[in-house]
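Participant: With the hints as constraints, model all of the structure from the sequences given.
As they're listed, the protein sequences go chains V and R.
For the first sequence, the residue numbers in my numbering are 1 to 156.
For the second sequence, the residue numbers in my numbering are 1 to 249.
Hints in this document: simulated from the structure, not taken from any laboratory.
Incorrect hints may appear among the rest.
[To be verified] Facing chain V, according to a computed beta carbon distance under 8 Å, are these residues of chain R, among others:
hint: 1; residue: 6
hint: 2; residue: 50
hint: 3; residue: 131
[What the hints assert, rightly or not] If you want the footprint, here are the derived chain R segments under chain V, 3+ residues with CB under 8 Å:
hint: 4; region: 41-48
hint: 5; region: 75-87
hint: 6; region: 178-191
Just so you know, even glycine gets a beta-carbon here, dropped at the ideal spot from N, CA and C.
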Amino acid sequence: MSASPAELVHNVEDPELPYVTIGDLGMVRSVDIDGPVVRVVLTPTYTGCPATEQIQADVEAALRSADLEAEVEFAMSPPWTTDWITETGRRKLAAAGIGPPGPSHPGSSVAVDAPVECPRCGSRQTRRLADFGATACKAPYRCQACREPFEAFKAF
Amino acid sequence: MTRPALLTHVLRHGDRALVLAQRLGQMVAHAPELEEDMAVANISLDLIGQARQLYAYAGELEGEGHEEDHFAYWRGVEEFLNPQLVEQPNGDFAVTIVRQFLHDVFALHHWEAMEASTDATLAALAARARKETAFHLRHSRGWVVRLGDGTDESHRRAQTAVDSLWRFTGELGPVADEAQLRADGVVPDGDVGGQWAETVRAALTEATLDISTATDMVEGGWHGRHSEYLKPLIEELQALTRAHPGAQW
Chain V
1 MSASPAELVH
11 NVEDPELPYV
21 TIGDLGMVRS
31 VDIDGPVVRV
41 VLTPTYTGCP
51 ATEQIQADVE
61 AALRSADLEA
71 EVEFAMSPPW
81 TTDWITETGR
91 RKLAAAGIGP
101 PGPSHPGSSV
111 AVDAPVECPR
121 CGSRQTRRLA
131 DFGATACKAP
141 YRCQACREPF
151 EAFKAF
Chain R
1 MTRPALLTHV
11 LRHGDRALVL
21 AQRLGQMVAH
31 APELEEDMAV
41 ANISLDLIGQ
51 ARQLYAYAGE
61 LEGEGHEEDH
71 FAYWRGVEEF
81 LNPQLVEQPN
91 GDFAVTIVRQ
101 FLHDVFALHH
111 WEAMEASTDA
121 TLAALAARAR
131 KETAFHLRHS
141 RGWVVRLGDG
151 TDESHRRAQT
161 AVDSLWRFTG
171 ELGPVADEAQ
181 LRADGVVPDG
191 DVGGQWAETV
201 RAALTEATLD
211 ISTATDMVEG
221 GWHGRHSEYL
231 KPLIEELQAL
241 TRAHPGAQW
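Facilitator: Laid out in structure tokens, this is it:
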């Protein structure tokens, strides 16, 4: 049996984090079939994330491969949060060596670090090395236990 | 023709974000250490994202079929409505950081207030931008404290930066001609100016820096009056688009 439109959308890989899908990241709000058109509503992550347009193109391409026409819309409210990353997504991130985010503090205007587990040894004795990393969603960390440097998702 | 107040407001904040983003972009690969190159690039990118959404909304409000690029690339320098602080040159690292800090405190309290806007588009953007700005402020505030409470030389430079940039901070509060937007709840009056002063004071105290006694305050940025530094910045920003109109890549 071939994949449903919803599965096709959820399984689109994140262009910058190809080991997780946009479903894993909690970006998919809805997938509705409306006659010949599949209407997809996504929540973008960071306002400046350069992957957003690529994701739209990838969703359209995934549906086109099943001869479906896509209409992709971005919902700005409520804003995306790392709390929407699924359990599967968190496991995949850790397996790829990226520390999954701790719980976010949605009402807080102060950037708070949730405890981050070392994806290598599991220790919570980890330290953030800088505020910003290779992508908007991550920051560089070091594990104090096994001394391994790694990237972790910011709780956002 | 008078431009509607809401469109003016949206352009002011789009321009604030874009001009600062461009300034920070000039720092990429010139910051004192690799982590700071990453920081200025990331912050710049967030600000470009915010500017794009504001310009896209400006296009809707204006109703003349303009997309976001129009507002970034096809307006003259006198049409930019950003506060003058964000166009000031990068200077040394203390100036870059203090400028960013003074801006980030304003941006944070602005977005906090805007989350309660009766305008659904602006409220939604504010919820996201507020979270991004919290990360920017943690970074800039951390550096202000480190530089101010650091060595004699870093303290001296940080204090010089505060003193030289202070005259641009009079614009970091409510704009007089937005009174109707405030009355309508579109731009909620969250005492952004008062909160800015309090947050800045607390950080400078921790940084062992003095609040400047500057009195030669500058204004007019929100109305399109600018220092001599904005023109070259906008010309650089627009050069490619104007040399190759409509180019796609």
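Participant: Evaluate each hint against the coordinates.
Facilitator: These are the hints, each one checked on the structure:
1. The restraint placing residue 6 (chain R) at the interface with chain V is violated, with a minimum CB-CB distance near 17 Å, outside the 8 Å limit.
2. With a least beta-carbon distance of about 5 Å to chain V, the hint placing residue 50 (chain R) at the interface is held under the 8 Å criterion.
3. Taken as an interface hint, residue 131 (chain R) checks out: its beta carbon lies about 6 Å from the nearest beta carbon of chain V, inside 8 Å.
4. Counting residues of the region 41-48 of chain R whose C-beta sits closer than 8 Å to any C-beta of chain V gives 7, which meets the bar of three, so the coverage hint holds.
5. With 0 residues having a Cβ less than 8 Å from any Cβ of chain V, the region 75-87 of chain R misses the three-residue criterion, and the hint is violated.
6. Interface restraint, the region 178-191 of chain R with chain V: violated (0 residues with C-beta to C-beta distance below 8 Å; minimum three).
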